[in-house]
Amino acid sequence: MKEPLVKRIWLFYYDGFRSMTLGKTLWLIIAIKLFIMFFILKLFFFRSELGVYSSQEEKSEHVIKNLINPK
Amino acid sequence: MLLASLLGLSRLQFALTAMFHWLFVPLTIGLGFIIAIMETYYVRTGNEFWKRTTKFWMKIFAINFAIGVATGIILEFQFGTNWSNYSWFVGDIFGAPLAIEGIFAFFLETTFFAIMFFGWNKVSKNVHLLSTWLVAFGTVLSALWILVANAWMQYPVGMEFNPDTARNEMVDFWAVALSPIALNKFIHTVTNCFVVAAVAVTGISSWYLLKKREEEFARKSIRIASVFGLISLIVLIWSGDGSAYHVAKKQPMKLAAMEGLYRSQNGTPIVAFGILNPKKSISRLERDSLGFALQEPYLFNISIPKGLSLLVDRKSNTFVPGIEDIIQGGYTYINDLGEEVVALPVRERMKRGRIAIEALANYHKAKEVGDDHGKELSLIALKENFSHFGYGYIEKQTDIVPNVPLTFYAFRIMVILGGFFILLFSLAIYLERKGIIYKTRWFLVLSIISIPLVYICTQAGWIVAEVGRQPWTIQDLLTTGASLSGVSASSVMTTTIMFFVLFSVLLAAELTILFKVIHKGPAQ
Chain G
372 MKEPLVKRIW
382 LFYYDGFRSM
392 TLGKTLWLII
402 AIKLFIMFFI
412 LKLFFFRSEL
422 GVYSSQEEKS
432 EHVIKNLINP
442 K
Chain X
241 MLLASLLGLS
251 RLQFALTAMF
261 HWLFVPLTIG
271 LGFIIAIMET
281 YYVRTGNEFW
291 KRTTKFWMKI
301 FAINFAIGVA
311 TGIILEFQFG
321 TNWSNYSWFV
331 GDIFGAPLAI
341 EGIFAFFLET
351 TFFAIMFFGW
361 NKVSKNVHLL
371 STWLVAFGTV
381 LSALWILVAN
391 AWMQYPVGME
401 FNPDTARNEM
411 VDFWAVALSP
421 IALNKFIHTV
431 TNCFVVAAVA
441 VTGISSWYLL
451 KKREEEFARK
461 SIRIASVFGL
471 ISLIVLIWSG
481 DGSAYHVAKK
491 QPMKLAAMEG
501 LYRSQNGTPI
511 VAFGILNPKK
521 SISRLERDSL
531 GFALQEPYLF
541 NISIPKGLSL
551 LVDRKSNTFV
561 PGIEDIIQGG
571 YTYINDLGEE
581 VVALPVRERM
591 KRGRIAIEAL
601 ANYHKAKEVG
611 DDHGKELSLI
621 ALKENFSHFG
631 YGYIEKQTDI
641 VPNVPLTFYA
651 FRIMVILGGF
661 FILLFSLAIY
671 LERKGIIYKT
681 RWFLVLSIIS
691 IPLVYICTQA
701 GWIVAEVGRQ
711 PWTIQDLLTT
721 GASLSGVSAS
731 SVMTTTIMFF
741 VLFSVLLAAE
751 LTILFKVIHK
761 GPAQ
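As they're listed, the protein sequences go chains G and X.
Anchor point for the first sequence: position 59 equals 430 in the numbering used here, and the numbering is continuous, going up by one each time.
Anchor point for the second sequence: position 478 equals 718 in the numbering used here, and the numbering is continuous, going up by one each time.
Heads up, simulated BS3-like pairs for lysine-lysine below, C-alpha to C-alpha not over 30 Å straight-line:
1) G:395 to X:760
2) X:607 to G:436
3) X:452 to X:291
4) X:362 to G:395
5) X:760 to X:451
6) X:490 to X:546
7) G:395 to X:756
8) G:395 to G:378
9) X:452 to X:760
10) X:679 to X:451
11) X:605 to G:436
12) G:395 to X:365
13) X:591 to G:436
14) G:413 to G:436
15) X:291 to G:378
16) X:365 to G:373
17) X:295 to G:395
18) X:362 to G:378
19) X:623 to X:591
20) X:460 to X:295
Honestly, the hints are just simulated from the structure, not real lab data.
The structure displayed is predicted, hence computed values, not measured ones.
Can you make the complete structure from the sequences, with help from the hints?
This is the structure we're talking about:
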């Protein structure tokens, strides 16, 4: 009897990942890279300047002020 | 000094991260198609040789993809942190194409990516082949939307500026997606990616022939790559011609910088090769107009008479304005509506730009006090002068001139190397068909050297596009200076150093893994 589709898809990915050789190294690199990007760089060094404002109105006011009073 | 300033550091950071990202993207896009072609051979012939060959190049593809993936996200981080005025000002123009790219194209790639790598013995040959082609097309679809966004920066269309929110709102999606700049840029960039991959495959295969290894694999890989590369180059040149045509119409200052053209004439020549006169610098234009005018633009040049007029307008006598012509205005050109108009001097555009900025300020003042009539008047003034909005931030006329030497030389590097690759692929096809490529040592060495050269070529192309666009983030509407956030220069310096370290490590990892895989060769 054929297994359910969801299970077959799951097994496809599971077997595929398990049998990887070079792929495991590449995935490790991807995981480390993404961790550094999203949990270190983004969190601590790349905060959005407009992210301090909670509403769209406040954000637009901030930008309008910059646009009409150029540095 | 520009580099020490916030503007200089922010530009440097964006340029370096974009260039780093661009080390990986072309090979991913181009190799995807070369792999698909090779696998098509396998499915049609049933010859296991082609399966082995395909699987080897898929490994190279996977390594490049893995290292390169998400490096573009760093650019998006910078939009929010370093360029918040810009990222707000562009509104949903940028957001929509990037969102489509993320949702549609990326998921297409990653879904069929799994079948490509895991599905060799699990799905039928035809399903696997279809997946490989869909991954290849997925990478191109990703590129399409990013390039649509970039094309809008060069030629902003299909939007209306909302003075209440200070955002550009997309009113015509198809005008943005199908703008002539977007379509041309897409074809030019994607075919450039095909050429990069073709050179890489030819170069790596040549290494095997030099080492007297994997002869059949190398010869046949070169055969496919060189034909693919040559066809792509023909389309690339055709689209490059189209680029020049559009740049002349929409970004004349970029074209003037590409040519080192200061003062023009009817029937403008094109510089095939030249060395710029360093004394003909823009700073001298400000200080000493007479002395500047006496300086020749080139120390040495080989020009083709009327070449630039023919390139940009298909007519031999067209006046293609130079840098000084654009600053001073007064020459006639054909606008988007086909009308002959007289170019405004930059001084006048600066005046209108200031009117537009003042109108925006007055609009908000009137809005605050509930002055509807004042709002209406301000809105009229803003709309009338909005096309010059960015000029309101220009302090002196020469600020609208991009870095001429960088644009000029980058353009020539790109074109000369492009010509070289035509020769390379033609030779590869000839030598391979004659059956003597494996013993033509000088050609094999040249092919290997061509790998870094093609990366220099492709980066040079982006330098022309993006440095030539300065000082604009959005052509005529917003300068790089006005696009900046209030982040500190030291913070930008810190993150630039962090990127440099992170990206250097990633690049070193990729090259190490790549060299190991190449050294090992195709699996038996």
